[in-house]
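Number of protein chains: 2
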Amino acid sequence: MNLTDMTVKAFTEKLASDAPAPGGGSAAALSGALGAALISMVCNLTVGKEKYAEFEPLVKDSLEKATSLIKNLLEGIQKDTNAFDGVIAAFGMPKATDAEKAARSEAIQKAYKTAILSPETTAKDCLEVIHLAKGLLHKSNKNAASDLAVGAMQAFAGLKGALENVHINLAAIKDEGYVAEKRTWMDELEKEAKTLLKEVQSSVSAMFA
Amino acid sequence: MNLTDMTVKAFTEKLASDAPAPGGGSAAALSGALGAALISMVCNLTVGKEKYAEFEPLVKDSLEKATSLIKNLLEGIQKDTNAFDGVIAAFGMPKATDAEKAARSEAIQKAYKTAILSPETTAKDCLEVIHLAKGLLHKSNKNAASDLAVGAMQAFAGLKGALENVHINLAAIKDEGYVAEKRTWMDELEKEAKTLLKEVQSSVSAMFA
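Chains as they are written, first to last, in this note's numbering: chain A, 1 to 209; chain B, 1 to 209.
Hints may be right or wrong, so weigh each one.
What the hints assert, rightly or not - Among the chain A residues that face chain B by a calculated CB cut under 7 Å, a handful are:
id: 1; residue: 9
id: 2; residue: 16
id: 3; residue: 37
id: 4; residue: 68
id: 5; residue: 72
id: 6; residue: 93
id: 7; residue: 137
To be verified - Stretch by stretch, here's where chain A covers chain B in the computed footprint (C-beta under 8 Å, at least three residues):
id: 8; region: 158–169
id: 9; region: 185–197
Simulated from the structure, these hints should not be mistaken for laboratory data.
Even for Gly, the Cβ is constructed at its ideal location relative to N, Cα and C.
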């Protein structure tokens with residue numbers, strides 16, 4: 001069964017167990033999806049309201065993007081769980097001869113790089129969610145402004161969770177150039193997300209001060 | 001239908017719509033529940049492992065507390081949605097005479113105070129989750145340490161979301177002493193949570209440096 005077809009209760013309880021799936025990466029993708037959903041909710045509570053008519057094109061565009069991000073992040077819940085299958089399969093390869101050992105090592109290294117793709121995409125999607133929240137500040141239903149802040153926060157938690165997963169896989173990768181490049185990318189992504197999140201939070205706080 | 005009986009996909013999609021429920025408060029409670037579930041997962045991946053035998057009593061105690069927090073936070077998903085029903089009902093009271101107007105105003109004020117109870121509890125529960133994460137640092141399965149950090153982050157996002165809901169309701173309450181007291185409580189809760197979260201994050205980062 002696809003993880004997103006589980007009930008909220010069952011998903012949470014399974015996450016809490018020592019079962020291999022869902023794991024932290026899937027929880028991160030769900031957090032990002034909840035963030036995108038809150039942004040979408042804010043758009044839906046704004047569209048068609050006369051007071052915000054001048055921002056209608058932006059809001060509709062944000063709604064479309066948020067809807068697409070929800071879809072991607074919900075898919076990420078499952079993908080993240082599948083991502084590690086390749087690593088496990090590679091570890092199961094024969095290692096009787098030197099040739100087999102070399103092929104196995106190479107396959108393991110390749111599998112770890114492949115396993116990074118899913119959390120990497122989740123992290124990027126979460127950053128997009130925070131961008132959307134920032135873009136909607138003062139241009140969407142004020143009554144739902146706090147949901148922009150909460151949505152951005154949810155997405156940030158998702159981003160951090162996804163990056164933790166990238167981080168763990170990187171620790172097993174021997175290609176130093178690749179690892180260094182990914183680490184730089186991660187630092188920049190987190191820095192950008194943190195700056196945006198702070199802007200959203202302080203802007204929303206100021207609205208209600 | 002109880003919101004936690006919805007599938008993960010349906011819940012997220014409904015959250016994204018302009019339907020009144022689930023709203024941001026329910027998303028916050030779910031985020032807290034996911035955080036508690038990650039802490040529980042870490043405990044379940046530690047219990048019975050010889051390497052961590054000396055911490056077994058702490059881990060078992062944390063597991064019990066996390067399990068109870070999951071239950072409470074999952075209930076919070078529904079409660080938060082119901083919390084506002086009283087406010088809506090009070091607004092629907094008759095207001096033809098001065099006596100009716102006075103009774104209605106009083107009922108509205110009382111209903112707002114009642115509506116605060118659910119997000120207030122969610123925020124407290126989320127803080128407990130972060131406390132559990134901190135307590136398990138260096139005393140639980142190192143392979144799952146990043147899940148402690150992600151769990152704490154999820155709980156922090158839940159706490160912030162819940163406090164936003166308290167904040168919104170406070171804005172409608174005229175009892176200045178009550179409002180001031182709640183604001184002080186909120187500030188202290190958030191400060192404590194932020195300090196704990198930073199400790200968890202920097203401690204986990206240092207483990208993998």
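Q.
Quick check on residue 72 (chain A) please, does its C-beta sit within 7 Å of some C-beta on chain B?
A. With a closest approach of 12 Å, the residue 72 (chain A) hint is violated.
**Q.** Residues of the region 158–169 of chain B with Cβ under 8 Å from chain A, three needed, outcome
**A.** The restraint on the region 158–169 of chain B holds, since 6 of its residues have a Cβ under 8 Å from chain A and three suffice.
Q | Interface restraint verdict for residue 68 (chain A) against chain B (beta-carbon cut-off 7 Å) | A | Where the cut-off is 7 Å and the nearest Cβ of chain B is about 11 Å from residue 68 (chain A), the hint is violated.
Q: Identify whether the interface hint at residue 137 (chain A) stands, where standing means a beta carbon of chain B within less than 7 Å of its own.
A: violated, 15 Å
Q. Holds or violated: residue 9 (chain A) as interface residue toward chain B, Cβ cutoff 7 Å?
A. Holds, about 4 Å.
Q. Do three or more residues from the region 185–197 of chain B put their C-beta atoms closer than 8 Å to C-beta atoms of chain A?
A. With 0 residues close enough to chain A, the hint is violated.
Q) Under the criterion of a CB-CB separation shorter than 7 Å, is residue 16 (chain A) in contact with chain B as hinted? A) holds, 4 Å
Q. Against chain B, is residue 93 (chain A) within 7 Å by beta-carbon distance?
A. violated, 22 Å
Q. Quick one, is the residue 37 (chain A) hint okay against chain B at 7 Å, beta carbons?
A. Given a least distance of 4 Å, the restraint on residue 37 (chain A) holds.
Of the numbered hints stated above, those contradicted by the structure are hints 4, 5, 6, 7 and 9, listed in ascending order.
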